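Residue numbers (this note's numbering), protein chains in the order written: chain A, 556 to 875; chain B, 16 to 394; chain C, 32 to 592; chain D, 5 to 339.
Worth flagging that the hints you see were computed from the coordinates, not collected in a lab.
Please read all numbers here as calculations on a predicted model, not as lab measurements.
Virtual Cβ for every residue (Gly too), placed ideally from N, Cα, C.
You can trust all of the hints, since none of them are fake.
Interface residues of chain C toward chain A, partial, derived using beta-carbon atoms under 10 Å:
1. Leu386
2. Pro388
3. Thr438
4. Pro446
5. Glu457
6. Ala468
7. Pro470
8. Ile471
Below, a list of computed lysine to any residue pairs in the SDA-like style, where the Cα atoms sit at most 20 Å apart:
9. D:Lys32 x C:Trp473
10. D:Lys11 x D:Asn321
11. B:Lys221 x D:Arg257
12. D:Lys246 x B:Arg193
13. D:Lys11 x D:Ser327
14. D:Lys32 x A:Ser724
15. C:Lys169 x C:Gly186
16. C:Lys219 x C:Pro532
17. B:Lys221 x D:Tyr328
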Amino acid sequence: MTTAKIEKLERLIEATATARDAKTGSLWRQSIRRMRRSPMAICGAVIVALFVIVAVLGPWIAPYEASAQTWGKEVFLNRNIFPGPRPENWFGLDHLGRDMFSRMIVGARQTLLVGVVATLIGFLAGAFIGGIAAAAGTFGGRWGERLEAVIMRSVDVALAIPMLLLALSVAALLGPSLSTVMIAVGVAQIPIFARLLRGSMLAQAHSDYVLAAIALGVPKARIVVSHILPNSLGPVIVQATLVLATAIIEAAALSYLGLGNPDPGNPEWGTMLADAQRFLSGAPQLAIYPAVAIIVTALGFTLLGEAMRESLDPRLRRQE
Amino acid sequence: MALLEVEDLRVAFGAATAVDGVSFAVDEGKVVGLVGESGCGKSVTSLAIMGLLPKGKGRKARAAKSRNGKVPAQAEATGPEGTGPEGAAGDGAVPPGHGGAVAATPQGIAVGRRSNRGGADVSGRAAFDGVDLLTLPPAAMRRRRGADLAMVFQDPLSSLNPVVPVGRQITEVLERHRGLKGDKAVKEAANLLDRVGIPDPLRRLKEYPHQLSGGMRQRVLIAIAVACAPRLLIADEPTTALDVTIQAQILELLKDLVDSEGTALLMITHDLGVVAGICDEVNVLYSGRVVESAPVRDLFARPTHPYTVGLLGSIPRLDLGTHEPLTPIRGSIADVIRWKDGCAFAPRCDRVAPACVEGEPALVGAPHAHRCVMAEEIA
Amino acid sequence: MALGLFTACGSDGGSEGDASSAEDFDFSCPERTDGDPAPDEAANESQPFVFGAPGDPSSIDPVLASDGETFRVTRQLYETLIDTECTDNVPGLAESWDQNDEGTEWTFHLREGVNFHDGTALDGAAVCANFDRWANFKGGFQSPNFSYYYSAVFGGFAENDPEMGVEYEPIYAGCEADGLTATISLTKYTSSFPGAFSLSSFSIISPASLEAIADVELPSADSPLPEYSQTAGTLAGTGPYTLTEWDHSEQQVTLTRNDDYWGETAKVKTLIFRTISDETARRQALTAGDIHGYDLAAPADVQPLLDDGYQVPIRGVFNLLYLAYTQGHEPLEDHAVREALSYAVDRQRLVDSVLPPGGLIATQFQPPSLEGWSEDVVTYEYDPEKAQELLAEAGQEDLTLEFCYPTDVTRPYMPAPKDIFDIVAENLKEVGVTVEARPITWVEYIPATRSGECPLYFLGWTGDFADPYNFLGTWFAAPSTEWGFDNQEVFDAIAEANTEPDQDTRVDLWKTANELIMEELPGLPLTSSPPSIAFAPNVYPPDVSPLTQENFAQVYFTADA
Amino acid sequence: MLRYTVKRLLQLAVALLGLSLLLFAWFKALPGGPENRLLPENATDQQREALRAALGLDEPVWVQYGEFLGRIVRLDFGSSLSSGRPIATELADRLPATIELSLAAMVIAVGIGIPLGYLAARRRGTWIDFGSVSGSLVGVCIPVFFLAAMLKVVFAQELGWLPTAFRLSAGASYTEVTGLRVLDGIITGEFDIAADAFLHLVLPAMALSSIPLAVIVRITRASVLDVVGEDYVRTADAKGLKPGTIRGRHVMRNAMLPIVTVIGLLLGSLFSGAVLTESVFAFGGIGSFVYQATTERDYPALMGFILIIAVSYVVLNLIVDLSYGFLDPRVRVRK
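Please build the complete structure, drawing on both the sequences and the hints.
Dropping the structure here:
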């Protein structure tokens with residue numbers, strides 16, 4: 556059909572959609588308002604903000620170089636001598652005489668990195684797969700549905716492989732490293748994102764303005780890309796926040812199995828925690844610091860994510 | 016004296032007042048209508064009488080004290096879903112969900128599911144057989160609900176439990192209030208279905224709500240409501256969700272029940288057609304108050320309150336020529352002024368005069384009462 | 032510094048740091064000074080002694096195994112012709128033995144009145160039956176996967192199965208039995224003898240019980256181990272204990288005292304080995320009283336254990352950890368650079384802070400307890416300045432090297448690879464070398480190091496028996512990609528020593544070899560550290576062995592404490 | 005409904021076979037081989053090569069996969085390279101432990117989670133709601149292995165109430181029936197064994213249950229909140245039914261649907277936690293076995309395990325689907 560006509564249709568759809576877009580807009584505003592009221596959201600936001608700040612400024616705040624074994628001669632792990640907190644080392648020394656405080660600060664960045672990258676991997680790949688599936692299922696006709704079935708079934712199967720096995724084999728291929736952890740954790744999240752995006756896209760696909768667009772014969776690709784997709788991302792973004800928390804924890808688990816980041820210069824909390832497990836009897840503090848850091852950070856993201864989810868929950872909206 | 020005497024019933028959700036001093040009475044074997052646009056407070060009235068409103072501060076506090084000395088202050092913090100001491104007693108009798116019923120009230124009240132605002136403050140009196148239902152302890156109220164007074168709800172699908180066979184949903188009332196068990200209960204349930212005009216009841220008993228048609232579901236709800244031969248039946252928009260043809264049948268059914276059993280029926284509707292068809296007396300509600308109350312014929316013959324006139328005006332009529340335009344009411348129920356400042360309807364009234372907004376208009380005249388200072392001029 | 036009930040005699044020079052410079056170095060295993068407290072007879076009879084092992088044993092037929100976890104168990108069940116004390120060969124089932132000058136004939140004079148668990152008596156014929164059985168292994172039995180040590184020591188089998196890829200000529204020439212003597216003849220001497228006769232793999236098992244399994248076959252190298260090697264009741268040894276149950280699902284092996292043992296009978300009636308793979312979990316199990324002892328205690332746990340009154344007897348060292356400089360990687364071809372790196376590494380700190388008590392600096396590629404250990408090797412003592420100078424001279428101020436270390440293992444000679452790596456890497460950084468860390472999982476680590484793709488890497492070895500060749504020969508017998516150096520002098524020296532039957536001459540030859548090697552400096556011997564073994568306070572521990580071959584018959588519960 | 009389920013399961017099975025091929029190729033593609041674990045450091049390259057050859061590791065992957073499939077068809081999983089025992093036996097020895105552990109964890113999670121979630125919902129805004137919600141939030145944020153370690157330090161080490169490791173006390177003699185020790189003890193009437201096994205089970209199960217518990221509390225709460233808002237609950241209320249009836253028949257029966265779904269998913273995901281928990285408590289289950297298998301490139305063991313996962317996953321799906329049908333008549337008629 557002629558572009559002119561398409562243009563007209565576009566406007567028509569926009570007309571049908573605007574009403575709801577306006578609503579969505581106000582919904583976001585509403586949810587922000589609602590979140591400002593919820594202590595949960597505030598706690599989460601504060602924690603996350605702090606964490607991010609530390610992560611970004613880390614190397615500049617840290618009093619010492621994280622990898623320098625400056626006090627190496629003062630630590631004797633084989634004689635259980637671990638100098639604890641003192642003026643020059645607020646958190647004491649780790650098992651190789653490195654400043655624990657500096658390592659914690661620098662560690663924040665690595666931890667954030669793992670979380671974000673892993674989540675991105677899961678998000679992008681998952682969104683892609685889920686998007687394709689949904690698009691195919693809705694507009695691809697018979698074969699599209701077949702394709703969707705195949706994709707989603709394989710997603711189910713992917714869910715069947717224990718994330719850990721996956722991680723182990725990734726690690727086996729890449730050798731233990733930060734990227735290993737990122738990839739392993741990220742890949743494990745793909746199915747979740749795939750299902751989520753597909754779900755919300757299907758919901759959109761049946762909404763009035765899309766039906767209108769179809770009725771008006773707008774090219775399907777166009778509908779999907781410029782209408783369905785943008786409107787379906789909300790829940791997926793929320794999920795991403797939550798996955799960030801999981802990613803950080805999973806990363807810790809992998810480090811515990813010795814797949815963590817080997818580079819002494821860029822410590823990561825999971826690795827630190829895993830290392831410290833060995834000294835639980837002699838120097839529990841070495842485990843406590845990173846453990847608490849991990850838990851609090853993960854909690855921060857979880858709180859934020861949960862708050863977002865609740866504030867976006869349509870069932871909650873209804874009452875307003 | 017009448018079977019149900021509602022006196023100066025007030026229901027407030029926090030700051031917002033949904034029902035603002037409503038009084039009316041229902042005699043045995045009579046059908047009384049509560050009419051008004053959605054949001055005028057008619058549903059809230061019915062729920063208040065049934066004691067199905069989430070408990071609000073005032074009563075919660077009292078209840079709290081009476082239960083386990085929980086201080087009101089704490090109780091206030093708690094949400095509407097029986098989350099107070101009643102909740103503590105595992106009290107299922109205080110459901111949150113009247114989203115459908117009142118969520119749209121002009122004041123934007125949220126008694127929605129998951130709302131964590133305070134519940135309803137109910138005051139006034141609703142004497143059933145001389146007993147004030149509003150002050151009955153929950154347990155006692157539960158014994159009466161479903162037995163002495165029963166209710167038929169608006170949306171038959173959502174009002175039936177999707178995962179329980181309809182038979183069970185009927186027999187559980189029989190068990191609870193008439194102590195019928197097993198086969199007895201089933202037989203009785205079958206009779207009920209038969210009475211409400213469902214063919215092949217024994218098969219239907221085993222079926223689930225989603226397997227029934229809308230009409231049948233409504234009949235099932237009615238069967239549940241009349242299962243224990245209640246003396247008062249409250250029907251909240253029982254026909255709104257149904258096709259016109261079915262509507263007629265359901266109304267017929269209700270009428271028969273009233274006639275045969277002498278049950279009193281409180282019919283809540285926005286549909287004057289229904290009123291005309293079934294009611295003996297009508298109370299027109301506007302913004303939480305009765306603005307006109309009269310025997311049905313009087314009302315239709317001589318509507319007094321401009322609002323009533325408006326309502327009647329907005330029904331299509333055959334006896335007028337097709338070119339005669341309908342006369343809808345201006346504005347929406349949202350534009351109101353508070354009753355104590357004047358007539359809440361004033362903003363939408365074509366006959367509005369200065370007097371309308373000089374203080375609170377009173378309900379005058381009987382049996383045909385109205386709440387309009389301009390009544391004489393209009394008449 | 033506290034070392035519990037044990038003090039090391041001789042020089043456990045580690046913490047004093049004199050090991051490298053000691054003029055008159057005389058190694059011997061630490062002596063125990065805890066006397067012999069009164070046993071708690073009741074407990075010994077009623078209560079099982081539970082020992083936490085890091086891993087499951089693999090086979091009750093020791094010749095089919097090559098791992099310490101198996102031998103820990105089989106040592107209690109079977110015995111070998113020669114036993115070891117500290118690292119010295121002492122009489123085992125053979126009261127004495129003698130060899131001919133060429134070292135090709137070994138005659139063992141067996142003890143009298145030794146009976147197998149099945150009642151049959153030990154005699155020369157029994158010994159020969161065992162050796163002949165091994166020599167005539169067929170099919171999968173020949174696979175290094177199973178009979179590793181046999182092919183390693185005796186080269187090959189009567190009929191080598193090409194499928195199994197064992198191609199060397201067998202050096203086992205036969206066995207003559209005469210009453211209580213057995214004479215084993217070899218086609219050629221290697222310095223593995225007589226030490227090899229003390230290997231648990233070569234335990235003597237009752238011929239009668241061997242009869243029962245005569246027709247068991249292993250079709251291929253990956254066919255399951257024969258049933259008899261996984262359950263109690265088939266094989267009969269002469270040891271102080273008999274196997275009563277091997278519960279695979281509980282990962283628990285139960286042994287019961289052999290009351291008519293030829294020597295001193297075991298003190299504790301029931302001995303149980305249970306697997307706890309996680310080292311922290313092992314410690315916690317001990318301190319919580321779930322087990323009475325465990326092996327491979329983490330260095331970090333030793334002191335806390337001692338402080339709480341637990342016993343951590345110090346084993347003599349019999350292993351070696353080294354840092355390899357793979358030549359073939361250009362900068363390392365330069366002897367000066369290798370020297371520089373060697374001076375840069377602070378081995379003392381390793382010993383002082385991360386290695387278990389009893390660890391010491393290694394000055395050459397064999398532990399001091401072996402013949403041929405030389406005081407006159409070049410020791411590259413920690414001297415960062417010198418290192419920097421040397422690098423400067425070599426024009427390698429900004430040297431960058433890849434540094435491999437294993438991630439998913441701890442070895443007896445390498446308790447915490449990552450810690451050791453972090454320290455050494457830091458040392459190198461201090462002298463201006465840029466280190467690129469490359470952690471590799473164990474399964475890839477070995478090939479990676481073998482192929483020589485790692486310029487710098489850690490590796491080591493725990494001796495099987497008292498024989499320098501078992502160390503030096505493994506590494507420097509011939510040119511190899513894993514070292515990448517070609518120094519015929521060294522190769523010849525080792526070959527010569529290895530084939531010299533006369534001990535005194537041999538010792539000198541080994542010394543020369545060691546000195547040559549340290550001249551060449553193919554890598555830097557870092558440390559020798561004994562794996563720590565821990566016991567509950569109320570236990571009389573066995574004499575600990577550098578070869579981790581404790582005899583649990585000595586263990587008992589003490590009355591007091 | 006059933007036909008639909010079966011169809012779906014078949015699809016799953018096929019997909020899983022494909023998966024096995026994928027993983028097989030993957031694992032084979034990994035650098036390094038089992039021979040390096042099987043032989044001591046100083047084994048000669050020639051010995052390693054020999055072993056590789058003998059293990060058939062030098063053949064092309066598809067040939068190996070063919071052999072693998074051939075064996076599977078004959079229900080012969082081959083034998084573990086690291087332990088030299090038949091995989092079937094290994095699994096038979098290790099699987100029950102993991103099953104027992106996971107079940108115990110699930111029992112805890114469900115037994116505590118659903119009531120707690122219900123309470124939280126019915127007393128929205130009270131301390132119990134706040135407590136359980138924040139509790140569950142924290143619950144998901146604690147690394148399992150750390151929690152396990154802490155539990156152990158506190159309850160086994162310091163307080164000494166519970167054993168630190170193993171499934172049974174040393175030398176306890178038991179009779180194997182199902183392999184689930186507690187169950188066996190009860191079946192065979194060896195109640196001392198059952199008790200002993202139970203004590204050993206408590207800590208690992210607690211550690212493992214943390215995340216499922218947290219999730220179940222939250223989902224239950226949300227789902228109950230959802231249902232109590234439904235009209236049919238109001239109807240039930242208008243009938244004057246007893247609170248108990250309303251809770252059971254009208255609220256919970258509807259609230260169970262999402263909960264069951266989640267439980268199904270959780271069961272699948274328990275494994276990763278199991279690996280960590282088992283290693284911390286020396287709880288000889290499949291977890292530690294698989295971890296070892298991966299680090300040692302024990303291909304037969306890995307493939308055997310993956311098949312197990314596949315099967316159990318299919319079975320889980322079946323159960324969940326069927327329970328849907330049982331719980332929700334609407335599903336029953338559809339499809």
